[in-house]
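Chain residues, written in single-letter form:
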Amino acid sequence: MSSTTIKILLVQDDELFRLGLRVRLQQEADLEIIAEAEHGETAIELVNQNCFDVVLLDVGLPGIGGIEAYHQIKQEYPNLPVLFLSSHSQKSLITKLVEVGASRLLSQRSSC
Amino acid sequence: MWIPGRELIRPSPIASQVIVAMALIVTGFLSHRLRKSQKAIAFTQTQLEAQAQLVRLRENFTSTLTQDLKTPLLGAIETIKAFPQEKYGAVLPTHQKVVATIARSHETSLDLLETLLDIYRNDTEGLKLDLEAVDLTILAEAAAVTLIELVPNRRIHLSLNYGSFDWKRALWVHGDALQLQRVFNNLLINAINHSLRGDHVEVVLETQTSYQIVKILDTGAGIQPEQLSQLFERFYQGTSDRGGLSQRQAKGSGLELYLSRQIIEAHNGVIWAENTVSNDAIFGFKLPVLPFQS
Numbered sequence: 000m001s002s003t004t005i006k007i008l009l010v011q012d013d014e015l016f017r018l019g020l021r022v023r024l025q026q027e028a029d030l031e032i033i034a035e036a037e038h039g040e041t042a043i044e045l046v047n048q049n050c051f052d053v054v055l056l057d058v059g060l061p062g063i064g065g066i067e068a069y070h071q072i073k074q075e076y077p078n079l080p081v082l083f084l085s086s087h088s089q090k091s092l093i094t095k096l097v098e099v100g101a102s103r104l105l106s107q108r109s110s111c
Numbered sequence: 000m001w002i003p004g005r006e007l008i009r010p011s012p013i014a015s016q017v018i019v020a021m022a023l024i025v026t027g028f029l030s031h032r033l034r035k036s037q038k039a040i041a042f043t044q045t046q047l048e049a050q051a052q053l054v055r056l057r058e059n060f061t062s063t064l065t066q067d068l069k070t071p072l073l074g075a076i077e078t079i080k081a082f083p084q085e086k087y088g089a090v091l092p093t094h095q096k097v098v099a100t101i102a103r104s105h106e107t108s109l110d111l112l113e114t115l116l117d118i119y120r121n122d123t124e125g126l127k128l129d130l131e132a133v134d135l136t137i138l139a140e141a142a143a144v145t146l147i148e149l150v151p152n153r154r155i156h157l158s159l160n161y162g163s164f165d166w167k168r169a170l171w172v173h174g175d176a177l178q179l180q181r182v183f184n185n186l187l188i189n190a191i192n193h194s195l196r197g198d199h200v201e202v203v204l205e206t207q208t209s210y211q212i213v214k215i216l217d218t219g220a221g222i223q224p225e226q227l228s229q230l231f232e233r234f235y236q237g238t239s240d241r242g243g244l245s246q247r248q249a250k251g252s253g254l255e256l257y258l259s260r261q262i263i264e265a266h267n268g269v270i271w272a273e274n275t276v277s278n279d280a281i282f283g284f285k286l287p288v289l290p291f292q293s
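Protein chains in written order, with numbering that gives the first Met the number 0: chain A, 0 to 111; chain B, 0 to 293.
Hints in this document: simulated from the structure, not taken from any laboratory. Each residue gets a CB set at the ideal place from its N, CA and C atoms; glycine is no exception. Please note that the accuracy of each hint is not assured.
Partial chain A-side listing against chain B, Cβ under 8 Å, derived [as the list claims (entries may be wrong)]:
1. 14
2. 18
3. 40
4. 62
Far from chain B, some chain A residues (derived; all Cβ distances over 12 Å) [unchecked claim]:
5. 3
6. 5
7. 27
8. 41
9. 50
10. 75
11. 78
Computed from the model, here is a short list of chain B residues facing chain A with C-beta under 7 Å [stated by the list, open to error]:
12. 104
13. 118
14. 184
15. 196
Between the sequences and the hints, there should be enough to build the whole structure, so can you do that?
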């Protein structure tokens, strides 16, 4: 991989969705999935151990949940872009994510 | 014939006509009111029937839809099973991994659909229990062994204790082992999902005079007081306005707690949720004791 590739951390607890997303993202030459995590706690550990360009973060994670994981990541790395993944399209959730400062929200329903 | 005083009791023709007219007006008014009320009642009844029919239609629709979703899933699961057996030719180890992921995911989806169908069936037809003498301790241990696989991954400690007793003891009830096993699994998964790394999940088994009591404690976020009464309602999803640590239903469909309630209530038991003084969550249930066992 060239140094210009975008290094991604993929955080999603559904293993099949994670697999599908990995397969699709790997088809892009300038994207590279460096690591995957099932939980927020693991994601925070990985962010501390590696250098990522972007974090793809699911909202509905077990344990600390996506929003708390986001807060903890942003506290340490305020400039690291975090994109939330959610299959829910309720306005209240989206408003909340925008409030906490999500850079972008990607709908899981979008066809790849 | 002469009737004495006849002239005196004869009402004046005008007065009687007025009375008759008034009576007719009152009767007309009353019958109009009655017709109006009857119409209103009939309208309300029609509305109620339409609503009940809509609810039935919606339930039937969901049930049919769930069944329809199940059919191709069953087909997919059977087809996927043929890959590791190399029925379609040689399979590389990397492919095996992908196929196994797809198979696991489909099994989870199937479980979810089965749960939804069970909930509808239990609501409409009632839960048919296969009753026998059941030891809740054995079920608690079985659930713990099954779910322990989840624990190292999340680094959560899972333990069983017997309240004021220091040793293992049997808790006999008259119950359906399979259904009660689902309750243990559901409540334990719920506790694990809401625990943080390093947290402790504890199953406490106690006996009272007429009840066997099971409590599942987790040291994750406590339950918001306004959610306590609603957690076991059908399809309750919880609120997402506070998010993060205070959100108990962050993950899960909301079906498992309602199904657990259906099962416990079918056993004439009680299921509840509470917070401890230190704001740990407790999900508990109690079932009538089956006497003269062990």
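Quick rundown of the hints versus the structure:
1. 14: Nearest chain B Cβ about 5 Å off; hint holds.
2. 18: holds, 5 Å
3. 40: holds, 4 Å
4. 62: holds, 5 Å
5. 3: At about 27 Å from chain B, residue 3 (chain A) clears the 12 Å cut-off, so the statement holds.
6. 5: holds, 24 Å
7. 27: For residue 27 (chain A), whose nearest Cβ neighbour in chain B is about 19 Å away, the distance exceeds 12 Å, so it holds.
8. 41: Nearest chain B Cβ is 9 Å from residue 41 (chain A), so the label is violated.
9. 50: holds, 23 Å
10. 75: holds, 17 Å
11. 78: Holds: least Cβ distance 22 Å, greater than 12 Å.
12. 104: holds, 4 Å
13. 118: It is violated, given that the least Cβ distance between residue 118 (chain B) and chain A is near 21 Å, above 7 Å.
14. 184: violated, 15 Å
15. 196: With a minimum Cβ separation of about 4 Å from chain A (threshold 7 Å), the hint on residue 196 (chain B) holds.
Violated hints, listed in ascending order, are 8, 13, 14; each of the other numbered hints is respected by the structure.
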